[in-house]
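Asks: Spelled out from the first residue to the last, the chains are:
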Amino acid sequence: MSTVAAIDPRHVAGQRLRERVFRGATFLAALLVLALLGGVALSLVVGSWPALARFRLGFLTREIWNPVTDQYGALAPVYGTLVTSLLALALAIPVSLGIAIFLTELAPRWLKRPVGMAIELLAAVPSIIYGIWGLFVLAPILQRHVQPWLIEWLGPLPFIGRLFQGPPYGIGVLTASFVLAVMVIPFISAVMRDVFETVPEVLKESAYGLGATTWEVIWQVVVPYARTGVIGGIMLGLGRALGETMAVTFVIGNAHRIGSSLLAPGTTISASIASEFEEAVGDLYTSALVALGALLFLITFSVIAAARWMLRRLERRALSSV
Amino acid sequence: MKRRLIRKLTNLLALGLSGLATAIGLFFLGAILWTLLRNGTAGVSARLFTQMTPPPGSSGGLLNAIYGSVVMTVLGILIGGPIGLLAGTYLAEYGRTSRVSTVIRFVNDVLLSAPSIIIGLFVYEALVVRMGHFSALAGAVALAIIAMPVIVRTTEDMLNLVPQGMKDASTAMGAYHWRTVTSVVYPAARSGLLTGLLLAVARISGETAPLLFTALNNQFWSSAVNAPMANLPVVIYQFALSPYPNWQQLAWSGALIITLSILVLSIAARLVVSLSQGGRRG
Numbered sequence: 001m002s003t004v005a006a007i008d009p010r011h012v013a014g015q016r017l018r019e020r021v022f023r024g025a026t027f028l029a030a031l032l033v034l035a036l037l038g039g040v041a042l043s044l045v046v047g048s049w050p051a052l053a054r055f056r057l058g059f060l061t062r063e064i065w066n067p068v069t070d071q072y073g074a075l076a077p078v079y080g081t082l083v084t085s086l087l088a089l090a091l092a093i094p095v096s097l098g099i100a101i102f103l104t105e106l107a108p109r110w111l112k113r114p115v116g117m118a119i120e121l122l123a124a125v126p127s128i129i130y131g132i133w134g135l136f137v138l139a140p141i142l143q144r145h146v147q148p149w150l151i152e153w154l155g156p157l158p159f160i161g162r163l164f165q166g167p168p169y170g171i172g173v174l175t176a177s178f179v180l181a182v183m184v185i186p187f188i189s190a191v192m193r194d195v196f197e198t199v200p201e202v203l204k205e206s207a208y209g210l211g212a213t214t215w216e217v218i219w220q221v222v223v224p225y226a227r228t229g230v231i232g233g234i235m236l237g238l239g240r241a242l243g244e245t246m247a248v249t250f251v252i253g254n255a256h257r258i259g260s261s262l263l264a265p266g267t268t269i270s271a272s273i274a275s276e277f278e279e280a281v282g283d284l285y286t287s288a289l290v291a292l293g294a295l296l297f298l299i300t301f302s303v304i305a306a307a308r309w310m311l312r313r314l315e316r317r318a319l320s321s322v
Numbered sequence: 323m324k325r326r327l328i329r330k331l332t333n334l335l336a337l338g339l340s341g342l343a344t345a346i347g348l349f350f351l352g353a354i355l356w357t358l359l360r361n362g363t364a365g366v367s368a369r370l371f372t373q374m375t376p377p378p379g380s381s382g383g384l385l386n387a388i389y390g391s392v393v394m395t396v397l398g399i400l401i402g403g404p405i406g407l408l409a410g411t412y413l414a415e416y417g418r419t420s421r422v423s424t425v426i427r428f429v430n431d432v433l434l435s436a437p438s439i440i441i442g443l444f445v446y447e448a449l450v451v452r453m454g455h456f457s458a459l460a461g462a463v464a465l466a467i468i469a470m471p472v473i474v475r476t477t478e479d480m481l482n483l484v485p486q487g488m489k490d491a492s493t494a495m496g497a498y499h500w501r502t503v504t505s506v507v508y509p510a511a512r513s514g515l516l517t518g519l520l521l522a523v524a525r526i527s528g529e530t531a532p533l534l535f536t537a538l539n540n541q542f543w544s545s546a547v548n549a550p551m552a553n554l555p556v557v558i559y560q561f562a563l564s565p566y567p568n569w570q571q572l573a574w575s576g577a578l579i580i581t582l583s584i585l586v587l588s589i590a591a592r593l594v595v596s597l598s599q600g601g602r603r604g
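Order-wise, the sequence lines are chains A and B. Just so we're aligned: 22 in this note's numbering is position 22 of the first sequence, and the numbers increase by one with no gaps anywhere. Take any residue in the second sequence, count from 1 to its spot, add 322: that is its number in this note's numbering.
It is worth saying that the hints were derived from the structure and are not from the lab. Be careful, since some hints might not be right.
[To be verified] Over 12 Å on every C-beta distance to chain B, these chain A residues come out as not near it, computed from the model:
#1 F59
#2 V68
#3 A107
#4 R144
#5 W149
#6 G155
#7 E201
#8 L242
#9 W309
[To be verified] Quick list of simulated restraints, FRET-style, between CB atoms:
#10 B:L400 to A:V281: 28 to 38 Å
#11 B:L348 to A:L86: 24 to 34 Å
#12 B:P509 to A:L106: 39 to 49 Å
#13 A:E201 to B:P404: 37 to 47 Å
#14 B:N482 to A:W219: 13 to 23 Å
#15 A:P156 to B:Q560: 36 to 46 Å
#16 B:P404 to A:V68: 39 to 49 Å
#17 B:G338 to A:E152: 23 to 33 Å
#18 B:I346 to A:L86: 19 to 29 Å
#19 B:Q560 to A:H11: 55 to 65 Å
[What the hints assert, rightly or not] Which chain A residues stay away from chain B? Per the calculated CB distances, all over 12 Å, these:
#20 T61
#21 T69
#22 L87
#23 P94
#24 E152
#25 I160
#26 P200
#27 G282
Every value quoted in this text rests on a predicted model; they were computed, and no experiment measured them. Where is the CB? At the ideal position from N, CA and C, for every residue including glycine.
Based on the provided sequences and hints, a complete structural model is requested.
Replies: Structure follows, in structure tokens:
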């Protein structure tokens, strides 16, 4: 014992104190993440209270949005949010699936990284850039070349024809969906690529061994195996599309009405908030916009939470199988 | 034989379509960059970086907006960075398996993809209403809240990559956990942590919606953090939708500047990772 250098008790006490302080600081920071979500929810409820107390459930069911008479209903923005997001998904899912398949199963090694990176860069481009691109480049092209064609050929059809009637404005629900689709493609395809890569080689090789073609292996082995992840990725994309603001604000036309035509201007929750918040005079107007925000929070929160839950479960399964 | 032919054709068709899908994705990236270069470069000159945003019809630059964006991004990272780093450290080092950590991880993932406009509304309610006016500080807080989940996530992932053996060695030398984390784990994960920071900067420097309700905009030079401050995204938003040609030109040039900076940051973030990994392997 005598050969061991004496340990200074003050040194030990100092170290213990620092340990406690550091540990406490990290724990507090972690708790702050929790508190943040609570704070966001609370402030939205408080801010939207005047509007909700005034209109009650009518806020959800009415289409009217009139700042002059102070009457507000969320039906048109909610409808617009859902329609643009779902349409965007319908456009984006096949393309994302194709990209994920190309990156995991087809591309030669030297091509994988640059192409994968380029697609990821598409996700890094800020929303507002998509907005000005959509308004000044995409909308005129759609107006001149695509929408007249849709009106002429699909407009007269029974049932679905109603979706493609009216003048070609350029901006509107369809254009917004198109821009949203381009924006969510990198997110969905990145998740799909990651889950496709978790499929064990043995499974694929056994299918090839039975004589399956590449496509059959992908469609009957890879996709079913990665099903949860694929759905999780799609829902993550949906979460993005639902809350996307600036890009949609530029191209949707901000009209508070529910039209049957996809070519007509409409609005979404986030576009309404972004374009009207600054000029909202009167407490009720502001409160109605915050109430819209609370609705958006509720919708996106459920979608994102479901998506994250599915992906988390998948991560655990991947870990336990290793 | 016929069946085999059909299967082969289906295979070719499907694989061809997936190649086409990739081409479509790349086409949009190219189209957007091309548009920005074509419309943006016309307005790039020394004036862009030396003069203030002008009134309609007269010439000017984006100096105050660029300055404001840099200030708010830096402030946002200064606020959100340390908190995110500490929270990520807790998840990776102290509360690895605790139930609180599972909840925090989940909530952080939700915040990671929460719409930024909601964060803007939150900061508006929590800070702007209370202070009574828009301010650069409120803008920085909103950006910090958006940057934080990114940093928490990358910090946790990167710290988890540090080999357990290194930590054990440090503990065996008699180091307390805090000493192990700050002197062994952080240096070992340095490049990964840097990547997280770069990605967070890339994420927040183009954010527009949260700044609309917090920092607003300012046509003049202002370096006061408790007053409205000009910033590139909001200037682009307002100028692009204006009817004045000189404002629209400035919007395109601003868009070019912001996109190029973000692309450079994103590529740099990826290079940092691959360089350090290559170094470790070699």
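Asks: All hints are to be evaluated individually against the structure, with a verdict given for each.
Replies: Verification of the hints:
1. F59: 17 Å, holds
2. V68: Fine: 23 Å to the nearest Cβ keeps V68 of chain A off the interface.
3. A107: 8 Å, violated
4. R144: Check passes; 16 Å lies beyond 12 Å.
5. W149: The assertion about W149 of chain A holds, with a minimum of 19 Å to chain B.
6. G155: 26 Å, holds
7. E201: Given a closest Cβ separation of 19 Å, the condition holds.
8. L242: Contrary to the label, L242 of chain A does not stay out of reach of chain B, its closest Cβ about 7 Å off (not over 12 Å).
9. W309: 8 Å, violated
10. B:L400 to A:V281: 28 to 38 Å: 35 Å, holds
11. B:L348 to A:L86: 24 to 34 Å: The hinted range 24 to 34 Å holds for L348 of chain B and L86 of chain A, with Cβ atoms some 26 Å apart.
12. B:P509 to A:L106: 39 to 49 Å: With a Cβ separation near 40 Å, P509 of chain B and L106 of chain A satisfy 39 to 49 Å, so the hint holds.
13. A:E201 to B:P404: 37 to 47 Å: This hint holds: roughly 42 Å between Cβ atoms.
14. B:N482 to A:W219: 13 to 23 Å: 34 Å, violated
15. A:P156 to B:Q560: 36 to 46 Å: 42 Å, holds
16. B:P404 to A:V68: 39 to 49 Å: With a Cβ separation near 48 Å, P404 of chain B and V68 of chain A satisfy 39 to 49 Å, so the hint holds.
17. B:G338 to A:E152: 23 to 33 Å: 29 Å, holds
18. B:I346 to A:L86: 19 to 29 Å: 20 Å, holds
19. B:Q560 to A:H11: 55 to 65 Å: 60 Å, holds
20. T61: With a cut-off of 12 Å, T61 of chain A remains clear of chain B, as the shortest Cβ separation is near 23 Å.
21. T69: With a cut-off of 12 Å, T69 of chain A remains clear of chain B, as the shortest Cβ separation is near 24 Å.
22. L87: 17 Å, holds
23. P94: 7 Å, violated
24. E152: 25 Å, holds
25. I160: The claim holds: I160 of chain A sits with its nearest Cβ about 24 Å from chain B, beyond 12 Å.
26. P200: 21 Å, holds
27. G282: 15 Å, holds
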